[in-house]
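Engineer: One-letter residues, chain by chain:
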Amino acid sequence: MECRVLSIQSHVVRGYVGNKSATFPLQVLGFEVDSVNSVQFSNHTGYAHWKGQVLTAEELNVLYEGIKLNKVNQYDYILTGYSRDTSFLEVVVDIIQELKKANPSLVYVCDPVMGDQGAMYVPENLLPVYKDKVVPLADILTPNQFEAELLTGRKIITEEDAVEVMDLLHKMGPETVVLTSTDLPSKRGDQFLVALGSKKIVKPDGTNANQKICLDIPKVDAVFVGTGDLFAAMLLAWTHHHPNDLKAACEKTVSVMHHVIKRTITYANEMAGPGKKPSPAQLELRMVQSKADIENPAIIVEAKVLQKSSH
Amino acid sequence: MECRVLSIQSHVVRGYVGNKSASFPLQVLGFEVDSINSVQFSNHTGYSHWKGQVLTADELHVLYEGIKLNNVHHYDYVLTGYTRDTSFLEMVVDIVQELKRANPNLVYVCDPVLGDHGSMYVPQNLYPVYKNKVVPVADIITPNQFEAELLTGKNISTEKDAVEVMDLLHAMGPDTVVITSSDLPSRLGDRFLVSLGSQRHVRPDGSRTTQRVRIEVPKVDAVFVGTGDLFAAMMLAWTHHYPNDLKTACEKTFSVMHHVIQRTISYAHELAGPGRRPSPPQLELRMVQSKADIEDPAIVAEATVIS
Chain Y
1289 MECRVLSIQS HVVRGYVGNK SATFPLQVLG FEVDSVNSVQ FSNHTGYAHW
1339 KGQVLTAEEL NVLYEGIKLN KVNQYDYILT GYSRDTSFLE VVVDIIQELK
1389 KANPSLVYVC DPVMGDQGAM YVPENLLPVY KDKVVPLADI LTPNQFEAEL
1439 LTGRKIITEE DAVEVMDLLH KMGPETVVLT STDLPSKRGD QFLVALGSKK
1489 IVKPDGTNAN QKICLDIPKV DAVFVGTGDL FAAMLLAWTH HHPNDLKAAC
1539 EKTVSVMHHV IKRTITYANE MAGPGKKPSP AQLELRMVQS KADIENPAII
1589 VEAKVLQKSS H
Chain B
152 MECRVLSIQS HVVRGYVGNK SASFPLQVLG FEVDSINSVQ FSNHTGYSHW
202 KGQVLTADEL HVLYEGIKLN NVHHYDYVLT GYTRDTSFLE MVVDIVQELK
252 RANPNLVYVC DPVLGDHGSM YVPQNLYPVY KNKVVPVADI ITPNQFEAEL
302 LTGKNISTEK DAVEVMDLLH AMGPDTVVIT SSDLPSRLGD RFLVSLGSQR
352 HVRPDGSRTT QRVRIEVPKV DAVFVGTGDL FAAMMLAWTH HYPNDLKTAC
402 EKTFSVMHHV IQRTISYAHE LAGPGRRPSP PQLELRMVQS KADIEDPAIV
452 AEATVIS
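As given, the protein sequences belong to chains Y and B, one line each in that order.
Start counting the first sequence at 1289; every next residue gets the next number (my numbering).
Start counting the second sequence at 152; every next residue gets the next number (my numbering).
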């Protein structure tokens, strides 16, 4: 498999977020990963302390220039995640547009990181950049419920709302949309959260069709960091292997997440000791220990196909 | 296996040198790798063009401070390679010394990158820093012949010279020395180059013993970049699994190198086409494709124990 990914994300010396979270799993699955580190921090910002340096939009441009001058600016995928800087994001957009011209089949996997649980945790001025420039270029989008609501201006209370929001997101650009988590009630009870996915496909006869799925994902009682980055990377990998089967791609992706998270929480609780809450350092994803699960995830969730519709 | 490595090396967006060369193989072998990127370049400097930014000694210190403030500055290994800056190197030494105080069992694997084939390719003022400050705190060093000669002031013309040079290097600090390549003639002919290794042990009764090995490695007609970084990382891994058996550690390390290099040169020739010399991008190590060889290298190099 000759597949090259350009991933523009954070780097942390210790732990697994951003490029640290995305790179190893993709490499383990045989992808060539070119990585531009948008920042270099000692660790993620959920620890008591964090220190480091950020890459400016200009410096990003310089790195891309180097790649371009050597005529190796050919990629099959681009992957981006957490960003705090509008000018940086705008250079990312320029780069993607140029790479898409160089390879019209390029797939841009975008995690539109803006916030969660009703509040933004990036500067507000990123919303218009995502809405007007980034999302229109994206091919695969992995917003959570809050981000999906923010981008479309619509609230999600019912499954029908979620379906309509995903359709609105399709209209903005991406053919594949996965709502990575929602507050929708799961039929399996309150120990589960609901995720949904939607993919526009073109049938052999030229007509449009749409595959919509939902998954019930076991909740875990802890705050993890870097899981969204791992999710987007694994969705890239599994949609690559199952390009017309969002159900299979999502089952694999969610299953990998589950194995990594279980291993992580078990280890974290061991490290913390009985009755104590694990620290951020103890909760770092058990990434290298999960290699076998990443390579070949045992499927632990079955996605339900929602009623298909044609548009 | 709970083993944490701090690797302070270059990062390239594209390709496999420095941390890009060392991290994946170590992670594949189950090591936790914390990586400080000393530079971020588009690609290695053997391409026609390269662009990027360097980390200053101060910025390195700031990153280390972050790790320390969180009380997670506990490492089993430190790994360093190519550096161009004396103040950066001196900051690295400070960090290694502090980490050794935090964990006296820490093993510092140092590739003393200074030059090759008779000439230096880093600034000359790095040489005294390596000699006086870095090598003395190293536990495992992987110099090539030129670097070993430079550090000891002794020329290597015979295997006996090489053994003496390795003993001199032991006296400077490291208990494990591998001369990664030399011009010594190989018994297997001129298609092979000779590498040597030496490891000092202290027996339970307090007496000292030294295991020395010679490995004959097939030459490959191409210039690879990042192979030294991969070598040092794999020496770290295999001496970890075989701490008292340099013979086996070297056989595994040299075998991995062989598999990665063979896969790389085959692919490079395919891409370049018949009769054409592969370009630097085409010669990038086939790292992710070599995962199985990294995990479990078939032994293709035999180390001979020498006196």
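None of these hints come from the bench; they were simulated from the model.
Warning: the hint list may mix true and false statements.
[Said to hold, decoys possible] Simulated crosslink set (PhoX-like; lysine-lysine; CA at most 20 Å straight-line):
hint : chain 1 : residue 1 : chain 2 : residue 2
1    : Y       : K1550     : Y       : K1507
2    : Y       : K1356     : Y       : K1339
3    : Y       : K1356     : B       : K202
4    : B       : K202      : Y       : K1359
5    : B       : K442      : Y       : K1579
Engineer: Assess, step by step, whether the Cα of K1550/Y is no farther than 20 Å from the Cα of K1507/Y, and give holds or violated.
Structural biologist: holds (11 Å)
Engineer: With the threshold set at 20 Å, check whether the alpha-carbon distance from K442/B to K1579/Y stays at or below it.
Structural biologist: holds (11 Å)
Engineer: Against the 20 Å threshold, does the CA-CA distance of K1356/Y and K1339/Y hold or violate the hint?
Structural biologist: violated (31 Å)
Engineer: Decide if the proposed pair is consistent with the structure: K1356/Y and K202/B, CA atoms, cutoff 20 Å inclusive.
Structural biologist: The hint holds at about 10 Å.
Engineer: Measure nothing beyond the straight line between the CA atoms of K202/B and K1359/Y; if it is 20 Å or shorter, mark the hint as holding.
Structural biologist: The hint holds at about 13 Å.
Violated hints amount to a single one, hint 2; each of the other numbered hints is respected by the structure.
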